[in-house]
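**Q** So the chains spell out like this:
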Amino acid sequence: MDIITLARWQFAITTVYHFFFVPITLGLSVLIAIMETFYVRTGDERYKRMTKFWGKLFLINFAMGVVTGIVMEFQFGMNWSEYSRFVGDVFGAPLAIEALSAFFLESTFLGIWIFGWERLSKRTHAATAWLVAIGANISALWILIANSFMQEPVGYILRNGRAEMTDFGALVTNPHVWLQFPHVFASGLTTASFFVLGISAYHLLRKTQEIDLFKTSFKWAAITGIIAATAVGGIGHAQGQHMIKTQPMKMAAAEALWESEDPASFSVFSIIDEANQENVFSFRIPNVLSFMAYNRMEGEVKGINDIQKAYEQTYGPGEYIPPVTISYWTFRIMVGAGVLMILLAAVGLWQVWRGHHLTPNRFLKILPWAIVVPFIANTTGWIFTEVARQPWIVFGLQRTEDAVSPNVSAGTLVFSLLSFGLIYAILIVADIYLLRKYAVQPQLESGPSAES
Amino acid sequence: MDLNTIWFILIGVLFTGFFFLEGFDYGVGILLPFISRDDRERRLMINSIGPHWDANEVWLITAGGAMFAAFPHWYATLFSGFYLALVIMLLALIVRGVAFEFRSKDENPKWRSTWDWMIFIGSAVPALLWGVALANIVRGVPIDADMQYVGTFGDLLNPFALIAGLASLLLFTLHGANFLLIKIESPITERVKRLTLRLWPLVILLSLIVTVMGYYDTDIASRHAVTALILSLGTIATISSVGWLIRKKRNGWAFAMTGACIVFFSLTIFAGLYPRLMTSSLAPDAWSLTIDNASSSPYTLQVMSIITLIFLPIVLLYQAWSYRVFRRRLTSTSSLEY
Numbered sequence: 001m002d003i004i005t006l007a008r009w010q011f012a013i014t015t016v017y018h019f020f021f022v023p024i025t026l027g028l029s030v031l032i033a034i035m036e037t038f039y040v041r042t043g044d045e046r047y048k049r050m051t052k053f054w055g056k057l058f059l060i061n062f063a064m065g066v067v068t069g070i071v072m073e074f075q076f077g078m079n080w081s082e083y084s085r086f087v088g089d090v091f092g093a094p095l096a097i098e099a100l101s102a103f104f105l106e107s108t109f110l111g112i113w114i115f116g117w118e119r120l121s122k123r124t125h126a127a128t129a130w131l132v133a134i135g136a137n138i139s140a141l142w143i144l145i146a147n148s149f150m151q152e153p154v155g156y157i158l159r160n161g162r163a164e165m166t167d168f169g170a171l172v173t174n175p176h177v178w179l180q181f182p183h184v185f186a187s188g189l190t191t192a193s194f195f196v197l198g199i200s201a202y203h204l205l206r207k208t209q210e211i212d213l214f215k216t217s218f219k220w221a222a223i224t225g226i227i228a229a230t231a232v233g234g235i236g237h238a239q240g241q242h243m244i245k246t247q248p249m250k251m252a253a254a255e256a257l258w259e260s261e262d263p264a265s266f267s268v269f270s271i272i273d274e275a276n277q278e279n280v281f282s283f284r285i286p287n288v289l290s291f292m293a294y295n296r297m298e299g300e301v302k303g304i305n306d307i308q309k310a311y312e313q314t315y316g317p318g319e320y321i322p323p324v325t326i327s328y329w330t331f332r333i334m335v336g337a338g339v340l341m342i343l344l345a346a347v348g349l350w351q352v353w354r355g356h357h358l359t360p361n362r363f364l365k366i367l368p369w370a371i372v373v374p375f376i377a378n379t380t381g382w383i384f385t386e387v388a389r390q391p392w393i394v395f396g397l398q399r400t401e402d403a404v405s406p407n408v409s410a411g412t413l414v415f416s417l418l419s420f421g422l423i424y425a426i427l428i429v430a431d432i433y434l435l436r437k438y439a440v441q442p443q444l445e446s447g448p449s450a451e452s
Numbered sequence: 453m454d455l456n457t458i459w460f461i462l463i464g465v466l467f468t469g470f471f472f473l474e475g476f477d478y479g480v481g482i483l484l485p486f487i488s489r490d491d492r493e494r495r496l497m498i499n500s501i502g503p504h505w506d507a508n509e510v511w512l513i514t515a516g517g518a519m520f521a522a523f524p525h526w527y528a529t530l531f532s533g534f535y536l537a538l539v540i541m542l543l544a545l546i547v548r549g550v551a552f553e554f555r556s557k558d559e560n561p562k563w564r565s566t567w568d569w570m571i572f573i574g575s576a577v578p579a580l581l582w583g584v585a586l587a588n589i590v591r592g593v594p595i596d597a598d599m600q601y602v603g604t605f606g607d608l609l610n611p612f613a614l615i616a617g618l619a620s621l622l623l624f625t626l627h628g629a630n631f632l633l634i635k636i637e638s639p640i641t642e643r644v645k646r647l648t649l650r651l652w653p654l655v656i657l658l659s660l661i662v663t664v665m666g667y668y669d670t671d672i673a674s675r676h677a678v679t680a681l682i683l684s685l686g687t688i689a690t691i692s693s694v695g696w697l698i699r700k701k702r703n704g705w706a707f708a709m710t711g712a713c714i715v716f717f718s719l720t721i722f723a724g725l726y727p728r729l730m731t732s733s734l735a736p737d738a739w740s741l742t743i744d745n746a747s748s749s750p751y752t753l754q755v756m757s758i759i760t761l762i763f764l765p766i767v768l769l770y771q772a773w774s775y776r777v778f779r780r781r782l783t784s785t786s787s788l789e790y
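Respectively, the protein sequence lines represent chains B and D. FYI, the numbering for the first sequence is 1 to 452, going by the numbering used here. FYI, the numbering for the second sequence is 453 to 790, going by the numbering used here.
There could be a bad hint or two in this list.
To be verified - Lysine to any residue pairs mimicking SDA-like chemistry, simulated, CA-CA at most 20 Å apart: (1) B:K52 / D:S787; (2) D:K701 / D:L788; (3) D:K562 / B:K309; (4) B:K48 / D:L788; (5) B:K122 / D:W773; (6) D:K700 / D:R650; (7) B:K122 / D:D490; (8) B:K309 / B:E319; (9) B:K52 / D:R776; (10) B:K437 / D:E789; (11) B:K219 / B:R41; (12) B:K215 / B:L205; (13) B:K122 / D:V715; (14) D:K562 / B:K122; (15) B:K122 / B:V429; (16) D:K645 / D:D490; (17) D:K562 / B:K219; (18) B:K245 / B:L343; (19) B:K437 / D:N560; (20) D:K562 / B:E451; (21) B:K48 / B:L120; (22) D:K562 / B:I426; (23) B:K122 / D:E789.
What the hints assert, rightly or not - Label pairs and their calculated CB-CB ranges: (24) D:P653 / B:V372: 35 to 41 Å; (25) D:D490 / B:T325: 55 to 61 Å; (26) D:S674 / B:A425: 46 to 52 Å; (27) D:F605 / B:I157: 45 to 51 Å.
Claimed, not checked - Residues from chain D that face chain B, not an exhaustive set, calculated with beta carbons under 8 Å: (28) L530; (29) V550; (30) S556; (31) Y751; (32) M756; (33) S757.
Simulated from the structure, these hints should not be mistaken for laboratory data. Remember, it's a predicted structure, so these values are computed and weren't measured experimentally. From the three backbone atoms N, C-alpha and C, an ideal C-beta is built for every residue, glycine too.
Work out the full structure: start from the sequences and follow the hints.
**A** Written as structure tokens, this is what we have:
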């Protein structure tokens, strides 16, 4: 295998794996901060028990997020040194700011939150929970500012053989950021909501000891779930409309739209023949793609082949088509999972409204399994947005194949890929083991702090 | 003073702060299998650094991010060049971080013992590698005219680097031991004290050897003779005081002195390096990375300076506060979260 392919696989695996843990951190930190605030405001011990129960699961997950994140920061320099040289002037800044303004906040105050229950006033302790939530989500903002530069370069000039920052304000106000970040923030809340819903449902079904804790948790998660899942979808729609203008090839690949269409049809299902650049079979609904793109029943959506020709004019001869099959299916699965989550959350909310969730029922039985749905959406979403941007690592400026570290051999890459793969495989088993153990425990008082 | 120099200093400060803080985390982790007699004692040790280890590690993330932002070529050449060493360090840091959180969450002794070894490996390996890395950066490694590292992993394992690695390993261990002395009040404290008194002369010896080897193996003496001499003397002086301070039961001062020794070591490296960022052994004057040829544009450095000026004081304030919150000692009866 060549070094570019190996480096890609490693980056894809480590990023997808990192993003298994991040959304729970993003969303659950917020939920826990709210729980603890309710405790401080009302003095109701139930909210304290909620905080501690979900907090324990949060911490198990958080550790995985932190360690897999260190790999990410290092990997740009390790595997993509030519990329780092080319965009470092622009891309390095958000990463440094992420660490300085967000990681420090998150890590310092999480340490205080874990160990400071007896040392701080109730209000101060609750404040630390908020600072963790803020730190976590601000770190998401800065990394998305960095990623948005890759998708839609702004605030730069090409000089001295690299991209140099000319306008930090433009970098931060990149329109891509202010669709991407709300989308990710909402997806974090959605993931956390389904996490809470599924585990609460488990306990409601078995009528375990701390039933009050789970009744309230279920109610909260149903509410936050429907709001967040709907927000994710709505913002995603806006992102799609933005994508048609700024990354048309990405949209065309997402739709497996080989030829431009006006009005453009929406593809429900396609069997794609990438080698021959056509669809063997495609079930399409006329006009709907134009409608989604422009809010009108007509309007041209450019096809892959036309965009390829246009890019050859702009960027010179070359291949500008991303992997279409992967783009198409990850996009579809992400959207499908998103719609499913809105439906599930809606049913959950209805059940709460009617009090049905207090009696074991089939929906409650599904919910623990539904925890996996946001993970499918998160993963396919990231695979889509990165794969469909190819061949660019920075859209219009640098190709992925030119970005790799030239001095890291294939053998070394195989070693690192296998090592990370092995460690990650072992760790996720341990992680799920612990999560499950503490998720299903009937009593709250167990674990290290209870040992005398 | 130009922006490039300011950022060189800032990154030096970030790395130095990192070594001072994470240094005792590594030390405690390294001591874990050797000092403790039972599970409770191991938990005491882990909980002593429990509130702090993660935020301490962020100093490294920030230093790395600052390198990327201010000197992208340095970040690119160093991280791609030292690839294998970094993979090993990352694997170590990964298992260590997870181990802290997972270790006590199951009662099974095999579970706990496995994670304890992960803490040990995850602390000892980075502690060693940092010395190796710093020594190589300042000594020089094969870097070509295009700022690419063209050496092998083996090039990093020269005697100077290996001795420096041993020195950093033991210095961090001693620093961690001193931390335990001020942080824990229990039967374990006596054992730690005896260990520090045995370790201390070794660290002095290694510091001297590294300094002498540094004189011959690097060109620091020809470029920064006076500064390097003063800082080296600081290294030796601070570490030499540690044993006396411990015997006099001045544990706080002993910790400050190992900390100061770490700071002096780090300053020696950075001051000796300046204005280079990495020395090319192939052509030290022509092909080394410097603060001028490896930096970001002035605009980027300005933007980063303003942001750092705002955030760094705030970070220092609340991190200091976190140490104040947990200033009380842990005893045999303290309740433990980890």
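**Q** Does each hint hold? Answer for all of them.
**A** Comparing the hints with the structure gives:
| no. | hint | result |
| --- | --- | --- |
| 1 | B:K52 / D:S787 | 16 Å, holds |
| 2 | D:K701 / D:L788 | 26 Å, violated |
| 3 | D:K562 / B:K309 | 62 Å, violated |
| 4 | B:K48 / D:L788 | 19 Å, holds |
| 5 | B:K122 / D:W773 | 17 Å, holds |
| 6 | D:K700 / D:R650 | 16 Å, holds |
| 7 | B:K122 / D:D490 | 34 Å, violated |
| 8 | B:K309 / B:E319 | 10 Å, holds |
| 9 | B:K52 / D:R776 | 24 Å, violated |
| 10 | B:K437 / D:E789 | 17 Å, holds |
| 11 | B:K219 / B:R41 | 19 Å, holds |
| 12 | B:K215 / B:L205 | 11 Å, holds |
| 13 | B:K122 / D:V715 | 38 Å, violated |
| 14 | D:K562 / B:K122 | 37 Å, violated |
| 15 | B:K122 / B:V429 | 35 Å, violated |
| 16 | D:K645 / D:D490 | 18 Å, holds |
| 17 | D:K562 / B:K219 | 39 Å, violated |
| 18 | B:K245 / B:L343 | 30 Å, violated |
| 19 | B:K437 / D:N560 | 13 Å, holds |
| 20 | D:K562 / B:E451 | 17 Å, holds |
| 21 | B:K48 / B:L120 | 15 Å, holds |
| 22 | D:K562 / B:I426 | 16 Å, holds |
| 23 | B:K122 / D:E789 | 18 Å, holds |
| 24 | D:P653 / B:V372: 35 to 41 Å | 57 Å, violated |
| 25 | D:D490 / B:T325: 55 to 61 Å | 58 Å, holds |
| 26 | D:S674 / B:A425: 46 to 52 Å | 50 Å, holds |
| 27 | D:F605 / B:I157: 45 to 51 Å | 38 Å, violated |
| 28 | L530 | 7 Å, holds |
| 29 | V550 | 5 Å, holds |
| 30 | S556 | 4 Å, holds |
| 31 | Y751 | 6 Å, holds |
| 32 | M756 | 6 Å, holds |
| 33 | S757 | 11 Å, violated |
When held up to the earlier numbered hints, the structure conflicts with 2, 3, 7, 9, 13, 14, 15, 17, 18, 24, 27 and 33 and fits the remainder.
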